Amino acid sequence: MTDTPETKPFEPVIIGFTCNWCSYRAADMAGISRMKYAPNVRLIRLMCSGRLDPTFVFKAFAGGADAVLVSGCHPGDCHYSTQNYKAMRRFHLMQRVLTQMGIEPGRTKLLWASAAEGQIFANEITKFVEEVRLLGPLNWNKIAAPLLPVEVPAEEVHA
Amino acid sequence: MSKPKFAMYWAASCGGCEIAVLNIHEKILDVDAAFDVVFWPVAMDAKYADVEKMEDGEITLCLFNGGMRNDENEHIAKLLRKKSKIMVSFGSCACEGCIPGLANFSSIKDLLDTAFSTITTDNPDNIRPQTSYSVPEGILTIPTLNPVLKTLDQVVDVDYYMPGCPPESHQIAAVVDLVIAALNGKAELPPKGATIGAGNSTVCDECPRTRNVKVIKEFGRIQLMHADPTLCLLEQGIPCNGPATRSGCNGRCPTAGAQCIGCYGPAEGVVDYGARLISAFASVIDSDKPEEIDKILDGLVDPAGQFYRFNLAGSLLRASKAAQKG
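Residue numbers (our numbering), protein chains in the order written: chain A, 1 to 159; chain B, 1 to 326.
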């Protein structure tokens with residue numbers, strides 16, 4: 001099979017937010033164990049999933065991401081005691097708002113992974129990538145592009 | 001010496017901003033004394049052609065209110081930008097889209113269907129407005145709708161932002177005083193891009209109600225509840241947009257017993273107004289269980305409408321997918 005633009009399968013761009021103490025370590029574990037999983041997720045490490053400002057997610061979508069992964073320590077295991085519960089409350093509300101904006105709930109995922117769960121982290125990412133592939137590209141930046149200002153002098157507009 | 005020139009224009013807006021300007025009472029006489037009003041469609045007769053004949057930069061101060069709903073709005077925005085030295089994005093519609101911007105949840109087709117073919121509309125032939133129509137005398141045209149409403153600064157360069165729906169009259173009076181003082185060399189104008197006539201903090205900072213860091217088990221609607229008049233509304237489960245909204249109104253709504261709906265727009269440093277409110281509202285929910293959290297959230301009937309009532313066109317996503325696809 002040739003890799004022409006027509007035959008190339010859609011490769012989703014996914015932004016993943018991980019916490020420093022569990023889910024990033026899980027990704028690290030997957031890496032050092034040489035586990036194979038889909039390369040579509042670009043990870044951004046936060047100190048805690050509770051640090052996740054929904055603004056980050058909106059910015060990712062506005063900038064062209066097809067999906068966003070939010071991951072942290074398992075409930076009860078947060079390094080900062082309860083902040084992953086905060087992340088969970090925000091996530092539920094954020095997903096409702098995104099749905100009203102026309103961004104399907106399947107484009108956001110909340111994943112708990114401990115530092116030892118490299119295999120689970122890798123499997124879940126592969127599964128998520130396949131789910132997003134089925135949803136197709138979001139292309140928010142491209143849909144919005146024609147709406148951005150075009151410089152036209154006032155007289156020409158009037159003509 | 002001729003007086004500096006003043007213009008005010010309305011694009012997609014309700015006219016409340018004009019009333020707010022007139023509501024500065026006797027200070028309007030200062031405006032008249034200091035400025036020559038050359039263009040203000042609500043208050044005086046002037047034609048677009050009069051503005052086109054002016055030199056570039058001939059208008060000293062232009063207060064522009066309203067969003068960019070159609071090509072006429074954009075044309076006048078570009079024209080007034082060219083002719084004005086100081087272009088102020090005046091009021092919530094120009095700054096962030098405001099109520100007309102809520103149309104960015106729907107496609108143009110849905111908008112027109114709602115306006116022209118619902119059960120309450122008497123339109124048996126399903127007549128729709130045509131942007132161009134031939135009559136014996138020639139061709140009649142009306143402006144073309146933009147797919148989504150844009151804010152003023154998404155179309156032209158803006159010097160200052162003055163938020164509010166409408167801006168409070170005492171704030172307008174203060175800005176008028178400042179501009180007049182600056183024209184007389186007695187004061188300096190703020191740096192370009194600044195927000196004027198508003199505070200730098202949030203409505204919560206001006207709100208007299210007491211916060212106790214309480215959490216809630218359900219959201220409710222203010223008209224169905226007996227809210228304690230001394231306590232924070234959000235901590236009583238009433239959706240109040242104060243935590244993300246810019247100060248400048250003296251906490252007018254919560255002081256009067258109503259929730260803040262966010263007309264002063266995002267507070268200083270807030271990139272996406274709705275995203276900030278998602279954090280604020282989620283923080284009062286008293287539950288660690290996903291099912292229970294969902295049940296509590298069911299009390300917020302229309303979260304996107306609640307969080308973007310004034311700010312949809314100015315938000316990071318700008319419009320829903322349905323509206324963007326047209």
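Hints are computed from structural coordinates only; laboratory data are not their basis. Treat the hints with caution; some may be incorrect.
[Unchecked claim] Here chain A is said to cover these stretches of chain B; the calculated rule only asks that three of the stretch's residues, wherever they fall, bring their Cβ under 8 Å from a Cβ of chain A: (1) 157–169; (2) 299–313.
[Stated by the list, open to error] In silico DSSO-like pairs for lysine-lysine, Cα to Cα no more than 30 Å straight-line: (3) B:186 / B:82; (4) B:321 / A:127; (5) B:109 / A:142; (6) A:59 / B:192; (7) B:325 / A:127; (8) A:142 / B:289; (9) A:59 / B:295; (10) B:192 / B:217; (11) B:85 / B:3; (12) B:53 / A:59; (13) B:289 / A:127; (14) B:27 / B:109; (15) A:59 / B:325; (16) B:85 / B:5; (17) B:321 / A:59; (18) A:8 / B:217; (19) B:325 / A:142; (20) A:142 / A:8; (21) B:5 / B:47; (22) B:295 / A:127; (23) B:109 / A:59; (24) A:8 / B:321.
The model shown is predicted, which means the values in this text are computed figures rather than measured ones. Glycine included, each C-beta is placed from N, C-alpha and C at the ideal position.
Cross-check of the supplied hints:
no.	hint	in the structure
1	157–169	violated (count 0)
2	299–313	holds (count 6)
3	B:186 / B:82	holds (27 Å)
4	B:321 / A:127	holds (25 Å)
5	B:109 / A:142	holds (21 Å)
6	A:59 / B:192	holds (25 Å)
7	B:325 / A:127	holds (29 Å)
8	A:142 / B:289	violated (38 Å)
9	A:59 / B:295	holds (28 Å)
10	B:192 / B:217	violated (45 Å)
11	B:85 / B:3	holds (14 Å)
12	B:53 / A:59	violated (43 Å)
13	B:289 / A:127	holds (24 Å)
14	B:27 / B:109	violated (45 Å)
15	A:59 / B:325	holds (19 Å)
16	B:85 / B:5	holds (10 Å)
17	B:321 / A:59	holds (15 Å)
18	A:8 / B:217	violated (49 Å)
19	B:325 / A:142	holds (11 Å)
20	A:142 / A:8	holds (19 Å)
21	B:5 / B:47	holds (16 Å)
22	B:295 / A:127	holds (28 Å)
23	B:109 / A:59	holds (28 Å)
24	A:8 / B:321	holds (25 Å)
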